Amino acid sequence: MSGRAVTGDQQQWSRSGEMQHSRGPYISVITNRTTNLLIRGAMLFSVGVFLALVLNLLQVQRNITLFPPDVITSIFSSAWWVPLCCGTAAAMIGLLYPCIDSRLGEPHKFKREWSSVMRCVAVFVGINHASAKVDFANNVQLSLTLAALSIGLWWTFDRSRSGFGLGICIAFLGTLVTQLLVYNGVFQYTSPDFLYIRSWLPCIFFAGVITMGNIGRQLALVSQSGTLVKL
Amino acid sequence: MTLREQLREKISAAFYRHGLLCASYPVPIILFTSASILTCCYPLLRLPLPGTGPVEFTTGLRDYSVPFHEPQGDFGERPDWYRGPPVAYIQQVLVKAAVSPWDNSLVPVDVFRSPLGRVFNLLEEIRNHVHSDSSGIRSLESLCLQVTDLFPGLRRMQSVLPEHGCLLVSPGNYWQNQRELFDSDPDPFKTIQKHEPKGLHTSATLRDLLFGVPVKYSGVSHYNRKRVVTYTITVVLSSYDARFLGSLRARLKQLHPSANCTLRDDHMVHVHFKEEIGIAELIPLVTTYIILFAYIYFSTRKIDMVKSKWGLALAAVVTVLSSLLMSVGLCTLFGLTPTLNGGEIFPYLVVVIGLENVLVLTKSVVSTPVDLEVKLRIAQGLSNESWSIMKNMATELCIILIGYFTLVPAIQEFCLFAVVGLVSDFFLQMFFFTTVLSIDIRRMELADLNRRLPAEAGMPPPKPGPLRTREVPPPPRPSPHTITLQTPAFRNLRLPKRLRVVYFLARTRLAQRIIMAGTVIWIGILVYTDPAGIRTYLAAQVSEQSPLGDTGGGGLPPHLGVAPVFRGGDPTSTLSIHRAPDPTPLPENQSQGHHGPPRAGPIPQSPPAVPQITWGEEDEEGWRRLSFRHWPSLFSYYNITLAKRYISILPVIPITVHLTPQEAIDARHPQDTRHPQPPIPKISADLQTDLTLYKVAALGLAAGVLLVLLLFCLYRVLCPRNYGQNGVPHGRRRRGDLPCDDYGYSPPVSEISPLLLRGHSMDIECLASDGMLLASCCLAGQIRVWDAQTGDCLTVIPNHGMTGAQESELRRRTTPSRPTLFIDQPDLTPLIDTNFTSQPPSHLSTPPSPSAYASPSSASSSPSVWAMELRGNLIAAGRSSGKLELWDAVEGSLRCSNEDGVSGITALAFLNNRIVAARLNGSLDFFTVEINKPLGLLQYRGPPGRSSMPQSPCYSSEDVISCQLTRSVQCAHQKPITVLRAAAGRVVTGSQDHTVRVYRLEDSCCLFTLQGHSGGITAIYIDQTMVLASGGQDGAICLWDVLTGSRVSHVYGHCGDVTSLVCTTSCVISSGLDDLICIWDRSTGIKLYSIQQEVGCGASLGVISESLLVTGGQGCVSFWDLNFGDLLQTVYLGQSSDGQGVRQLLVLDNAAIVCDFGSELSLVYVPSVLEKLD
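Quick note, the sequences are listed as chains U and X, same order. 183 is the number that UniProt numbering gives to position 183 of the first sequence; each next residue is one higher, with no gaps. 721 is the number that UniProt numbering gives to position 721 of the second sequence; each next residue is one higher, with no gaps.
Isolated chain U, as found in the complex (with noise of 0.2 Å):
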């Protein structure tokens, strides 16, 4: 029914979340360093869950229009492991963005907020929106008009070097991973454009990572002020 539901693509939505905004004074009580780590992994895999149940079935969607009676087992069409996969990626992201902030001794100064993050979220969720609801022309298209919103998104919401380099890092690494999956037999697209997976692979994963970096940050700026009010 959903090829391409269950064909994996959705390893990259593994970002974003907008529930942990209240969470906020509650890590500040949290001083212990282990125990804030433990936290901000487990919120921001909680997160990378909640995004790939959600975009998958966008994605889902695509196919069928009219849903059968039984629609929330479509919510967990895919394989069990792609929101695991998605949710472990995304509480690593979001971690290691600010660790290496801190190891380069450059503090991302740019746009620290809540609203900012919210808004990258939201453009990230309208990426990927627009990757499963527009119709392109050909896939080329596709792939150049994602690859601009992608960099665009990273322009405005990051416009860290780490940050793109990072990012490329990771969205190399993930295509490289769903390709040899792919090879594999693991699981494969409906419609595959470039060497048996989808050409829009990457520029999704990239705007992924930056937005959950960017949430990574967000949770380690507000336990830091947090530990700062403690001390």
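In case anyone wonders, no lab produced these hints; they're calculated from the structure. As the structure is a computational prediction, the values presented were derived from the model and not from experiment. Don't be surprised by glycine CBs; every beta carbon is placed ideally from N, CA and C. Hints are supplied without guarantee of correctness; some may be wrong.
Beta-carbon label-pair distances, calculated as ranges [stated by the list, open to error]:
id, chain 1, residue 1, chain 2, residue 2, range
1, U, 151, X, 176, 29 to 35 Å
2, X, 1050, U, 173, 43 to 49 Å
3, X, 970, U, 162, 56 to 62 Å
4, X, 392, U, 148, 32 to 38 Å
5, X, 289, U, 135, 19 to 25 Å
6, X, 41, U, 148, 31 to 37 Å
7, U, 144, X, 1041, 52 to 58 Å
8, X, 514, U, 148, 43 to 49 Å
On the provided structure of chain U, position chain X as indicated by the hints.
Just chain X now, with coordinates in the frame of chain U:
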């Protein structure tokens, strides 16, 4: 670069002028903006309203031809969806069958068994029908809609729905269209019921699909009174062939003629279906909306320092929304019809347009100097941000332009909307929002002016006149400037978790609301599921009014199934007239049923002889009675969507089948006769159901009443009788003590009871402590020394100058009953609180007796004490005459005095045997205290409880103490010195001349003069870590680096004087005349949050630990959690408080708090805090 600069200047100037304009004429501009918004939104009226109901269009059958794809000229009222061929043509064959004449030997199953059996003959007839003429031979196979697999996930329907062939549905599908299966089926009714979904069903059920008529019209049931079975055979055709259909119609009519049928068959109805939104589509949509709301929430949360935060947030949202509406309206006006789904792209449009500019504008305007005129503030704020606004706007336009060149229609349309939206948003920001902002700022200034006067007037003395009683704690005022942490709510109280949950449930009435919402949703689903049912019910009710009045007799309750038959009753049928009085036996039968169930035999009492088959107008378009999801769900089973497409429904072919009783008996299954008879005679079945309904209703009512009574009894038993009244004395006693929330719950009492130190006759002026001793001085000039641990009054130093001789004489008196040195003031009798009688009697607790020998002859009232400090057991008191005195705190003797200065001492600092005195004339004197210790004299001092305590500078009573002026800085400040603080070897002074000076304590050298305030300095904080904070009358707070003299940060937080400043390691806490307590991050200078207090509070602050703040209020002190800004507890100081404010507050080392409370001192221990800290 120069061009850029020029451009920038020009833009800035233009914005400045624009700001002036907006602030000058707010009302006309707002009117103009609203008018333009309305004008731009006007074209929206022409857009169709969204809805999911199907739309119909009727054409004639004779001249029907498939409509073209392109609209060909003007076809009048032809709708725009009527283009191209339909998805399918629906031909329904409506069969009404009955066994007639009815015979008493027949069993109820006969009502539908043989009529249903006829469907197989008909199906065969339809399938095999062939029409041949000159153009060839056509059969159903060639015309019908060929379907393939069922939708995956519908496996359970595989046995009943056709696959791989013509889409032809009929009741025969239950038995795979095979007669043998039907004949061998012992219970056809059960087979039908088997496929029904359990519970609530929201869309068309399988039974509806196969029968083609709603369940209650089909007549397939054991209680069918009419004994007429109705069903349809639905043929779905992919192409329309008039001749084939015509011949089929003729053939069927010829086989089964319907005598009295006058159905019209010349109209074809086209039904267009809108797109339906499924749950799966809804979830991403809801997600995007949630993200959108989070974005708006986080954005508007940043609006601060304005009069009405909510108002401005609303204005911001209105700006964005109306700019979107304007953009859609304008695009429609210029001929672009929106094809995108508005609901889907809307969040993205909002995000693209964004709220940033609005916030930037607000921030910029708010941060302009407060003392400027409103107009100028707006103009300045606008022009400050003009460049960045224009730059952002240009960038966004560029990005959107790039998007436009992707040449994808959907993206192009989105970009077009976004561009127009951006421009109109800019317009609205400039005109609408700026004006609203100017109004808001003006209101804030007015409010400030109104508030400032009483606050200042009532500040220094405790309020005279009628004051609020403590029983009525002042309600928390809504903050005009900042987010108020809603003071006494539950999250502020430290409660056990389970209690919090219970309170939360109780407060929000969660359970009730969920139940209510559930009920509403359930009713909504019911209404939504079957609108047709309700409609027909109403129609039936209405139509019953007249015809049933004479046919039904008196006792017949209205029944739904009766209505269509009687209404369409054919006058030609004689039987129907005979049947009309038929129901008259009903009441009789019912009564028999009541007192004689055994009489209910297998044979009905008065069965109708011949079931009447009638054809009415409602049969003409029988599909209307079906759910409007009937056709979409049928097609969706084969993965065919009807969304945005249409189907054409052909006129039904009516068929009447009469079966003889013999045929019915022949068709019987052997088990049919063995079936148990339905327990209730069929004739009264309807009545019976009605009766059951009434019974159920009555029982339900009774059960409800019983339940209520039971609960009431339970309540009476379980709850104490005085449950309701208990609250009143409770409230009276405790509402003052503890913060209650709006619902009157009060938290568990934790025992913090203040210790009142009474003795002063007038209001306390100065308060000093070194951790163990506490010295206080009242307006009368009397100094009292208290033990900070126990609250005992150790010494009383009356307002007298003393000679050295008396002093030495007094020093020798060590008797327990040492009299205090009084007294020429008669009102000082109640000196010792009776509370102290319970404590071990000390030599100090004896009531003073005015003794003659104690009254010094040379006593003359000395000038009042303006400043006092306490170190070790030396009290340094600065008097208004400029005299500095050093008193022994334990013995109450004057050790030395210095009268070098003549100007009154306004502030004193006592640090490491150095005393710094600030004088009224702005000079600063440095004194050194020298102790000449007589050798070998070690004297026992004070009560044993204090002996273990470290004594910083130890002065024994035998020492000779001298105080020498080491240096006098004559002109330290131009104006009187208001604050003096010393710590870490530095002395810091603040003066009304707007400057702060830092001196080194050792050599009295002026290190820095710190300038930065635009008002007199009112508060200074310095601690051992060399952090210096100063607050001024301008409401500004400056943080300085004492080592370099540079300003670290400069923030504005108060609308009025900063009255008090305290720092912890991570934050700075300030309180102001505006009764606001602000908490700032110390390193970044960002305001973390602020607490709005009641009027007249908040002048005094103290920090007990890193996370515990204490503030003085009207007759109370409040404890706050600094990490959350929660109010932990409020401790009321007196029983009969007259609302005196706490003006001075000292935090002692042992987590005790001392504060003045009119003429009393209050010592508050915070035991719970100590536990919490550990």
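Quiz item: In ascending order, which of the hints set out earlier in this document are inconsistent with the structure?
Solution: 1 and 4
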